[in-house]
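Student: The listed protein sequences correspond, in order, to chains A and B. Using this note's numbering, count along the first sequence one by one with no gaps and you end on 241. Using this note's numbering, count along the second sequence one by one with no gaps and you end on 566.
What the hints contain is simulated information worked out from the structure, not anything from laboratory work. Incorrect hints may appear among the rest.
[Said to hold, decoys possible] With a cut-off of at most 20 Å between alpha-carbon atoms, the simulated SDA-like pairs for lysine to any residue come out as follows: (1) A:K100 <-> B:P554; (2) A:K100 <-> A:D160; (3) A:K224 <-> A:A212; (4) B:K434 <-> A:S163; (5) B:K434 <-> A:A212; (6) A:K140 <-> B:H371; (7) B:K358 <-> B:H371; (8) A:K229 <-> B:K434; (9) A:K224 <-> A:A45; (10) B:K434 <-> B:M460; (11) A:K100 <-> B:N553; (12) A:K100 <-> B:K358.
[Said to hold, decoys possible] On the chain A side, residues computed to face chain B include the following (Cβ under 8 Å): (13) R29; (14) A37; (15) S94; (16) L103; (17) S106; (18) Y109; (19) S157; (20) K181; (21) V218; (22) L219; (23) Q221; (24) E230; (25) L231.
[Stated by the list, open to error] If you want the footprint, here are the derived chain B segments under chain A, 3+ residues with CB under 8 Å: (26) 430-443; (27) 475-481; (28) 549-561.
All figures in this text were calculated on a predicted structure; none of them were measured in a lab. Even for Gly, the Cβ is constructed at its ideal location relative to N, Cα and C.
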Amino acid sequence: MVLMLTFAQIDFGQDRPVARVGERIITHREISCELHAPNFAEVAAKQQRDAAEVCLEREQQRLQLLAAGELFDSAIRKLGIEPSAEELAKDAASHRYDEKEYLRLSEHYRTLGRAALLVLRGEDIAAVHQRDVRNALPEKEFRRFVGLFPNAAAAESFIDRHSPEHFRATIAADARQRIGKTKLMQILSAKATSLGVSFDAHAETFWRELAAELGLEVLDQRYKPISLKELSWQPQTSSTP
Amino acid sequence: MFKRIYHAVAVLFVVCLFVPPVQAYEECHYMIVEDYSVIAGGVEWRHIEYGWVCWESGGGGNPGDTGGGGDPGDTTPPQPPTPPTVRVVSASDENPGQVTLNFEIGGGPANMMILMKNGQVVSQGAPASHGFYGSLDNMVFDSILSVSVCNAGGCAEDYAEVRRRTSRPRAEGAITAQWADLIPMDPYSFVIKVGYENYTRILDGEFYLADYSVGTVGMRNGYAKHVQTADALLWENGKREPEWEAQYQMVPYWGWWHVAEGAYQTPGCYVATNRLPNQSALCTTIGEFGHAWYPGTGVISRANAVGSGFANPNPEGQTSLDLWP
Numbered sequence: 001m002v003l004m005l006t007f008a009q010i011d012f013g014q015d016r017p018v019a020r021v022g023e024r025i026i027t028h029r030e031i032s033c034e035l036h037a038p039n040f041a042e043v044a045a046k047q048q049r050d051a052a053e054v055c056l057e058r059e060q061q062r063l064q065l066l067a068a069g070e071l072f073d074s075a076i077r078k079l080g081i082e083p084s085a086e087e088l089a090k091d092a093a094s095h096r097y098d099e100k101e102y103l104r105l106s107e108h109y110r111t112l113g114r115a116a117l118l119v120l121r122g123e124d125i126a127a128v129h130q131r132d133v134r135n136a137l138p139e140k141e142f143r144r145f146v147g148l149f150p151n152a153a154a155a156e157s158f159i160d161r162h163s164p165e166h167f168r169a170t171i172a173a174d175a176r177q178r179i180g181k182t183k184l185m186q187i188l189s190a191k192a193t194s195l196g197v198s199f200d201a202h203a204e205t206f207w208r209e210l211a212a213e214l215g216l217e218v219l220d221q222r223y224k225p226i227s228l229k230e231l232s233w234q235p236q237t238s239s240t241p
Numbered sequence: 242m243f244k245r246i247y248h249a250v251a252v253l254f255v256v257c258l259f260v261p262p263v264q265a266y267e268e269c270h271y272m273i274v275e276d277y278s279v280i281a282g283g284v285e286w287r288h289i290e291y292g293w294v295c296w297e298s299g300g301g302g303n304p305g306d307t308g309g310g311g312d313p314g315d316t317t318p319p320q321p322p323t324p325p326t327v328r329v330v331s332a333s334d335e336n337p338g339q340v341t342l343n344f345e346i347g348g349g350p351a352n353m354m355i356l357m358k359n360g361q362v363v364s365q366g367a368p369a370s371h372g373f374y375g376s377l378d379n380m381v382f383d384s385i386l387s388v389s390v391c392n393a394g395g396c397a398e399d400y401a402e403v404r405r406r407t408s409r410p411r412a413e414g415a416i417t418a419q420w421a422d423l424i425p426m427d428p429y430s431f432v433i434k435v436g437y438e439n440y441t442r443i444l445d446g447e448f449y450l451a452d453y454s455v456g457t458v459g460m461r462n463g464y465a466k467h468v469q470t471a472d473a474l475l476w477e478n479g480k481r482e483p484e485w486e487a488q489y490q491m492v493p494y495w496g497w498w499h500v501a502e503g504a505y506q507t508p509g510c511y512v513a514t515n516r517l518p519n520q521s522a523l524c525t526t527i528g529e530f531g532h533a534w535y536p537g538t539g540v541i542s543r544a545n546a547v548g549s550g551f552a553n554p555n556p557e558g559q560t561s562l563d564l565w566p
């Protein structure tokens with residue numbers, strides 16, 4: 001009861017499917033504005049709009065982001081695009097991530113997890129924030145973070161999962177996708193040139209064929225279809241991944 | 242176009258106050274003796290020349306009248322004094338709220354000085370070695386600042402031009418921002434995924450500059466007014482949008498420390514470019530005169546690529562971009 005008064009538990013919502021990209025089912029939990037855009041009500045108030053409308057807009061954006069990620073991964077696999085070691089090293093240098101950064105990220109999130117665990121075991125959330133994590137997160141954000149855990153076991157699981165290896169893997173996956181996207185655009189551009197068609201026309205054809213091949217559908221009719229036009233950009237010589 | 246007309250009218254006004262003592266038998270007036278226009282280069286220049294014109298007054302008659310009383314033995318008109326000379330030697334905008342011209346006055350002793358801006362009298366009074374013309378903010382276009390000095394023998398004038406122009410410098414760079422996503426796991430737990438996104442950055446500024454047709458003295462505090470800025474992150478399709486905060490810092494002429502103004506999304510706030518299809522722009526309207534030798538700086542205080550989970554808000558790259566007037 002005390003905990004309920006000190007922080008709001010996040011409602012993860014019903015885990016219903018909203019879209020399918022190939023075999024990947026994107027569920028509502030993955031896009032819900034309560035979880036992924038918790039400031040939607042503030043934004044709505046500031047813009048003098050209906051909160052439900054802003055929420056739906058944010059969920060649509062996140063759905064587009066997740067579906068696009070799946071399509072990019074499929075395209076990269078299909079064309080056999082593989083970043084070179086040199087490209088990965090260059091990416092790490094430009095974004096300044098290395099073993100120290102993996103360790104720092106791990107410590108950062110584990111510290112937050114440990115602080116959440118203390119709250120879930122009964123300590124006062126304001127006191128824990130002030131003592132342990134005031135430099136890591138504003139109190140409002142910390143309250144939101146704690147609210148993500150249904151119980152202490154979930155917080156313990158969070159601490160276990162966020163090892164340096166976890167961050168090495170997730171950052172490497174992101175780097176491969178970013179570099180892969182840039183190379184994909186270069187391939188599409190070269191192909192468009194060789195076919196004598198515009199980049200936009202060729203890219204649209206490519207994505208339409210891939211989507212048909214994979215199976216791309218929005219299962220929840222509240223959401224608009226995934227836009228294929230927002231997936232491509234004409235590569236520039238100076239473009240970075 | 243009519244700046245000389247303005248001068249002439251004002252000089253006539255002042256000179257009317259200094260009509261030499263009227264003789265009982267003869268009347269002298271300082272008045273227009275020549276008046277014609279010349280059109281050169283599409284500009285009309287009106288030439289107005291004043292001179293002393295005397296006639297026998299005869300107790301209120303017209304010029305040329307010979308009747309009336311008085312001393313018929315004294316027919317010599319009074320000799321007017323040597324007219325003064327004046328030259329604008331320098332300008333100062335050390336205080337941009339009070340532009341100053343410095344003068345060199347010679348010739349006969351002057352007893353009246355008139356300062357005018359674009360033909361409008363700014364002030365008049367006793368001659369001095371300098372004159373105040375008001376704020377640069379009230380000289381939004383090129384302006385003519387003139388000085389006239391007079392005595393009973395005539396007037397002299399000189400002027401300086403204030404030239405205003407706009408400078409729109411642009412600085413460019415790139416930043417990388419982290420994103421973090423909450424990935425729900427079964428049944429009610431989650432993990433954080435982290436990645437990065439790159440953005441092109443363009444910072445546009447608008448400065449309003451002041452130059453003078455004469456040399457300047459003192460600090461050039463009025464040289465550059467930082468008017469407004471637009472700071473934008475631009476990205477290709479398929480990337481995450483940025484969520485960021487920025488401010489514009491500059492050193493005002495009245496201090497030796499930075500002042501900062503937060504940059505915000507406002508209607509019409511954008512950077513003109515067609516290089517990339519997406520942009521997020523934050524603008525300021527700082528409106529402050531700055532030290533001439535310090536740039537204005539657009540500073541990103543935090544930036545993330547949009548995500549749902551507590552990313553590091555400190556971007557890497559060109560988080561500070563300088564703009565020089």
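Student: The structure should be examined with respect to each hint, and the outcome stated for every one.
Tutor: Consistency of the hints with the structure:
At roughly 18 Å between alpha-carbon atoms, K100 (chain A) and P554 (chain B) fall within 20 Å of each other, so this suggested pair holds. Proposed proximity of K100 (chain A) and D160 (chain A) is supported: the alpha carbons are some 19 Å apart, at most 20 Å. A distance of roughly 17 Å separates the Cα atoms of K224 (chain A) and A212 (chain A); the hinted pair therefore holds under the 20 Å criterion. Distance restraint check for K434 (chain B) and S163 (chain A): the Cα-Cα separation of roughly 12 Å lies within the 20 Å cut-off, and the hinted pair is therefore satisfied.
For a cut-off of 20 Å, the pair hint linking K434 (chain B) to A212 (chain A) is broken: about 29 Å separates their Cα positions. Among the hinted pairs, K140 (chain A) with H371 (chain B) is inconsistent with the structure: their alpha-carbon atoms are about 61 Å apart, more than 20 Å. The straight-line distance between the Cα atoms of K358 (chain B) and H371 (chain B) is roughly 15 Å, inside the 20 Å bound, and the hint therefore holds. Simply put, K229 (chain A) and K434 (chain B) have alpha-carbon atoms about 26 Å apart, too far for the 20 Å limit, and the pair is violated.
A threshold of 20 Å between alpha carbons decides the hint, and for K224 (chain A) with A45 (chain A) the separation of about 24 Å lies outside it, so the pair is violated. For the hint linking K434 (chain B) to M460 (chain B), the alpha-carbon distance of about 54 Å lies beyond 20 Å, and the restraint is violated. For the suggested pair K100 (chain A) and N553 (chain B), the alpha carbons sit about 15 Å apart, so the restraint of at most 20 Å is met. Simply put, K100 (chain A) and K358 (chain B) have alpha-carbon atoms about 66 Å apart, too far for the 20 Å limit, and the pair is violated.
This hint holds: R29 (chain A) has a C-beta 4 Å from the nearest C-beta of chain B, less than the 8 Å allowed. Here the hint on A37 (chain A) is kept, as its CB sits about 7 Å from the closest CB of chain B, short of 8 Å. Because the beta carbon of S94 (chain A) sits about 6 Å from the nearest beta carbon in chain B, less than 8 Å, this interface hint is met. Given hint, L103 (chain A) at the interface with chain B, is violated; its Cβ is 13 Å from that chain's nearest Cβ, farther than 8 Å.
For S106 (chain A), the suggested interface contact is broken, since its CB lies about 10 Å from the closest CB of chain B, more than 8 Å. For Y109 (chain A), the shortest C-beta to C-beta distance to chain B is roughly 6 Å, which falls under 8 Å, so the interface hint holds. At a threshold of 8 Å, the smallest CB-CB gap from S157 (chain A) to chain B is about 5 Å, leaving the interface hint in force. Taking 8 Å as the C-beta cut-off, the interface hint given for K181 (chain A) holds, the closest approach to chain B being about 6 Å.
The beta carbon of V218 (chain A) is not positioned within 8 Å of any beta carbon in chain B (closest approach about 19 Å), and the interface hint is therefore violated. Interface restraint check for L219 (chain A): the shortest CB-CB distance to chain B comes to about 17 Å, outside 8 Å, so the restraint is violated. The restraint placing Q221 (chain A) at the interface with chain B is violated, with a minimum CB-CB distance near 22 Å, outside the 8 Å limit. Because the beta carbon of E230 (chain A) sits about 5 Å from the nearest beta carbon in chain B, less than 8 Å, this interface hint is met.
Hint on L231 (chain A) holds. Least Cβ distance to chain B is approximately 5 Å, under the 8 Å limit. Given as covered by chain A, the segment 430-443 of chain B passes the check, having 10 residues with a CB less than 8 Å from a CB of that chain where 3 are the minimum. Remark: the segment 475-481 of chain B is confirmed as covered by chain A, as 4 of its residues place a Cβ nearer than 8 Å to a Cβ of that chain, reaching the required three. Against chain A, the segment 549-561 of chain B contributes 4 residues with a C-beta closer than 8 Å to a partner C-beta. That satisfies the three-residue criterion, and the hint holds.
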